[in-house]
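Engineer: Listed below are the residues making up each chain.
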Amino acid sequence: MTDQTFRRAGRLSLALALATTALTGAAFAQDCTTKIGAVLPTSVDWGKPIAETAQFVVDQVNEAGGVQGCKIEMVLRDTQVDPKVGVDAAKALVDLDGVQVLIGAVSSGVSMPILTSVTVPAGVAQFSCCSSSGAFTTLAKEGKTNGLWFRTFATSNVQAVVGAKVAVDQGYKSVAVLYKNDDWGQDIGKLVAEHLAAQGVTVTATIAINDGQPSYRAEVTEAVAGQPEAIYLALYPTEGISVVREWLSLGGTQNMILANSLKSDEFRDAVGLQYLGSAHGTDTSSPRVESADAFVARYKERFNSEPNGPGLSNSYDATMVALLAMEAAGKDAKGADIAAAVARVTDPAGTPVTADAAGFAAARDVLAGGGSVLYQGATGNVRFDANGDVSAPAVIWSFTESGTKEDSYITLEEVDALTGAGN
Amino acid sequence: MIGLLSYAVFFSTVASILAIAVLGLNLQWGFTGLFNGGVVAFFGAGAYGTLILGGTPQADHLGGFGLIYPLALAGGAVAAGLLAWVVGVLTLRLRQDYLAIATFGIAVTFENVMRNAEALSGGAKGFRGFERPLRGLFGDGFAYNLFFFCLVLLLLVAVYLFLERLVRSPFGRLLRAIREDEDAARSLGKAPARVRLVSFITGSAIIGIAGGLYATFYAFVSPQDVLPTLTFQIWAMLIVGGAGNNRGAVFGAFLIWGAWTASGWALSRFAPVEAQLYTGSIQYILIGSIIVAMLLWRPQGLLPERLVLSQSGQPVKPRQQGA
Amino acid sequence: MIQNLADGILVGSVLSLGAIGLTLVMHMLRFANFSHAELLSIGAYAALVFDGVFAAILPPLADRIGPLSMTWALVLALVVAVAVTGASALVIDRLVFRRVRAKGSELSMVFASFGVAMIVRNVTGLVFGLGTQLYSKDIVFAVVVSRDPMLLIKPDQVFVLVATLLVMVALHLVLSRTTLGFALRAVAENPVLAQVNGVNLARMIALVWVVGGGLAAIAGVFYGLTNQISPMIGRDLVLPVFAATIVGGIGSVYGAALGGFIVGIAANVALAVLPSGYSPSVPFLIILAVLLVRPNGLFGEARA
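Protein chains in written order, with the working numbering: chain A, 1 to 423; chain B, 1 to 323; chain C, 1 to 304.
The reader is advised that the hints may include incorrect statements.
[Unchecked claim] With a Cα cut of at most 30 Å, we get these calculated DSS-like pairs of lysine-lysine:
1. K137/C to K405/A
2. K300/A to K137/C
3. K405/A to K71/A
4. K334/A to K71/A
5. K71/A to K35/A
6. K190/A to K144/A
[To be verified] A partial selection of chain B residues facing chain A, derived with a Cβ cut-off under 7 Å:
7. K125
8. D140
9. S222
10. D225
[Stated by the list, open to error] Partial list, computed: chain A residues near chain C (C-beta under 7 Å):
11. N181
12. I207
13. A208
14. N210
15. P214
16. S215
17. E219
18. T221
19. S242
20. S249
21. L250
22. Q254
23. G272
24. A349
25. P352
Hints are computed from structural coordinates only; laboratory data are not their basis. Just so you know, these numbers come straight off a predicted model, no measurement behind them. Note that the Cβ used here is the ideal one computed from N, Cα and C, for glycine as well.
Next up, chain A with everything else stripped away, as it sits in the complex:
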């Protein structure tokens, strides 16, 4: 072997090393795979996009080199919105695939038995996008979640109070409340009615809208009868479309206040933008930093539409926080370590990181240096309290040709003040 070959070999290996570094660890990511579990209702119209969004996060993180240099594989199971099926799927993921992180479920009725009979006993961290039942808070307060439970669903009170504020700002004297008859809808429907009444707005009717009814004509007729100046809708798109089309055709007012579940292109297209001119929506929001647009921008690139639909932003945050916490917890971390590391990635004093692949890569560097980060998520600066609940600023939005636009921004402090005043 001559000097020349030595030198050549040296140059080659240097080039290789450089190339590897340039690939931001992507080369390492091929070596190992870490599984996480997801139990989401993929066979339901509103559930599939939530699962799509979770997978989108995993793809972004893999693009950024994976977690601890390992590629993430999300094993996805359908819950069929059946608690038995969801719990069994979760148990199989924990026992057979050995996942330490579980994303899901959507409905409280599925998430709760998973929490009590699968994840807590097995010490697996569970991140739900959308389970809104107050029972989780009670359980956590009793110390029965072992700190393993997180949900990126800001309590419905934020939206309810902002919804009431819209009614007052618009000068509506009377409002009819129509809510989805599930745990989320019953909760928010009741809260909105309370806040409206507290603000001196007459609630002409509170009407439960059951899923999957052949017609909502009777419910709408009842709402019309009260001749309210506006309606508040806490519905999902499928029922929302049916109800609003019926409502408009019966001559109901176009003054609408919409919960974020109706921030949906499907809803806008099926109802028609021409009827949604005086519709104002509420949502929880990202903080006012430029980087917070990262999520929306990336989402548009991937899906060619805005992230509008029930639970999409929440699903994004639940998955991203889970993966960030895995990164922070170190290699081969157990569920409890991952749950404990959530505080390090949602630290108000930490380095802000954006909700995209670049944000994840940035977070990795900070975490590797022993620092903590503040994840600026799709739903805002995700800030869990001791019970795994989250609070957030809010926005009021309206529909546009291409999607939605923000009309006003309500800071966390203002939200807190409003909820304090409303109670």
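With chain A fixed as given, assemble chains B and C onto it according to the hints.
Structural biologist: Then chains B and C, alone, in the frame of chain A:
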């Protein structure tokens, strides 16, 4: 390996709980010919009843009687039995398909009440359970699941033996006699209406026990647990396993629940990544196909009723189910 | 109240059409077909596809007819949908029900129909997506018929009601005036006797499926027209359609027609009394009430 074992125990627990419910239905349909289309109402009555009776005090709804577990579970069964009594008195004289839809309607109404009557059931957000019995002794992990599985298995065996004995008893012969020819039974001085009611209540109480165990295991019950899907699942287990045969009922429960869950597992493992988002729908198609295929292959069930010859002589024709 | 009554009649007409098909099938084949409502779904989607096709071939067809949201393209698509759905019903019978019927009991048929419903619903979801679709996105406003008492009626719904009544009259004439109708009724009454008298049973069963499927397709399109189309149409309509059938009495075409209106009216009027959260139970409470008074439904006959 330990993971596989842990999952197997968990799966078997749920399957055994469902098997108890299938046995209860088998008494009603298989042995008495009563088309109970509202299985889930009695399952739910047992579940809610057990949690209400055995739970710690709750702030915003009924509950918190804090009974010891065996009493709470028995109370759940009694709740299911009481519901069955009322329903039975109202509907058992109806013809089979009318009875099916009437009981189905009662189940839908039951779900509706649980969803809306917050003061009773906690409404749509569900009803928190109590600490699982003897949790202090077995902890929270695998040991506890193993213990609970043994408890469920014990109850399953007890229900099985009870029913086997019952159907072989004079009462069991009476049930079959009424099922086959009500007028003949009446001419012998029997009271078919009364016998049917007893069978309906007993079967429903057994279904109630299954519901109580289910709610205990998950320490939670919500309206989502009492949707009509469960009625369908339990019926499918009985029909595929073999109506009129208690072993078939248990076998069917394990088989159908196995197919239901394994199809999801297999899809999550073997379906290509691009197809993963569609696996929910594909899983339903698979489950539907399995049920249809089983019925095409063995319409009388895997373990059909064994016909007991009381009198020798005439060859026994296979029973025609239905009206 | 008058509004609720009117709404109930208009909503009920769709249920009536579904129930007539179901009652024929249940009477003839003696099993509760839980996949019948999926035929409504097949009809609605078939019409959606062909509506698009016809509108693309001949754009003027996409113009609305008078005050309705109905277009000529949809009328043509409806005709095709009737054929497609009738054929689908036949194919499903050949593939599944005929085979189960040959070997199994009624109950095997019932659960086979559950399986079929599951397959159809989810295949539809895979092909067309899980979201909501509409024939026309235009909202047709209700017409004020009277201000006191308030009565609002949508033109589409009046059209649906009239069309439903016409279909019913046509069916009535076929059943009561033609040899085919007699043969059909003879088979339903007593299959063995009918065969002795030279009625081809297999052909009659096929006919029932085609007629039931065709009526289901019309119901499905009308439902899509007045509400919306989703893969869950079958799931959402199966219970009200069953309720209508049972209230009317299995086997009675007129009972089914009336049953649909009763269920529709009851569901609408009940909300004046009950909180809206309880609306799904209403059809069943009616069934229960009817059956307590008349154990075989309004027009059903006791059958051994």
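Engineer: The structure should be examined with respect to each hint, and the outcome stated for every one.
Structural biologist: Verification of the supplied hints:
The straight-line distance between the Cα atoms of K137/C and K405/A is roughly 23 Å, inside the 30 Å bound, and the hint therefore holds. Between K300/A and K137/C the alpha-carbon distance is near 25 Å, which keeps this suggested pair within the 30 Å criterion. Only pairs whose Cα atoms come within 30 Å are accepted, and K405/A paired with K71/A is rejected, the gap being roughly 36 Å. This hinted pair checks out: K334/A and K71/A have alpha carbons roughly 17 Å apart, not beyond 30 Å.
Annotation: proposed proximity of K71/A to K35/A holds, straight-line Cα distance about 8 Å (limit 30 Å). Our distance criterion of 30 Å between C-alpha atoms is met by K190/A and K144/A, whose separation comes to about 27 Å. Hint status for K125/B: holds, given a least beta-carbon distance of 4 Å to chain A, under 7 Å. This hint holds: D140/B has a C-beta 4 Å from the nearest C-beta of chain A, less than the 7 Å allowed.
Contact between S222/B and chain A, as hinted, is supported at the beta carbon level, the nearest pair being about 4 Å apart and thus within 7 Å. Interface hint at D225/B: satisfied, since its Cβ lies 5 Å from the closest Cβ of chain A, which is below the 7 Å cut-off. Against a cut-off of 7 Å between C-beta atoms, the interface hint on N181/A holds, since the closest Cβ of chain C lies about 5 Å away. Nearest Cβ of chain C to the Cβ of I207/A: about 5 Å, under the 7 Å cut. The hint holds.
Checking A208/A against chain C: minimum C-beta separation of about 4 Å stays under 7 Å; hint holds. Residue-level restraint check for N210/A holds (minimum Cβ-Cβ distance to chain C is 5 Å; threshold 7 Å). Hint status for P214/A: holds, given a least beta-carbon distance of 5 Å to chain C, under 7 Å. The closest approach between the C-beta of S215/A and any C-beta of chain C is roughly 5 Å, which is under the 7 Å cut-off, so the hint is satisfied.
At a threshold of 7 Å, the smallest CB-CB gap from E219/A to chain C is about 5 Å, leaving the interface hint in force. Hint on T221/A holds. Least Cβ distance to chain C is approximately 6 Å, under the 7 Å limit. For S242/A, the shortest C-beta to C-beta distance to chain C is roughly 6 Å, which falls under 7 Å, so the interface hint holds. Hint status for S249/A: holds, given a least beta-carbon distance of 5 Å to chain C, under 7 Å.
A distance limit of 7 Å between C-beta atoms decides the matter here; for L250/A the minimum to chain C is near 5 Å, and the interface restraint holds. Taking 7 Å as the C-beta cut-off, the interface hint given for Q254/A is violated, the closest approach to chain C being about 11 Å. Given hint, G272/A at the interface with chain C, holds; its Cβ is 6 Å from that chain's nearest Cβ, closer than 7 Å. Checking A349/A against chain C by beta carbon gives a least distance of about 43 Å; that is not within 7 Å, so the hint is violated.
Taking 7 Å as the C-beta contact cut-off toward chain C, the hint placing P352/A at the interface is violated, the least distance being around 36 Å.
Going down the numbered hints, you'll see the structure goes against 3, 22, 24 and 25, while the others check out.
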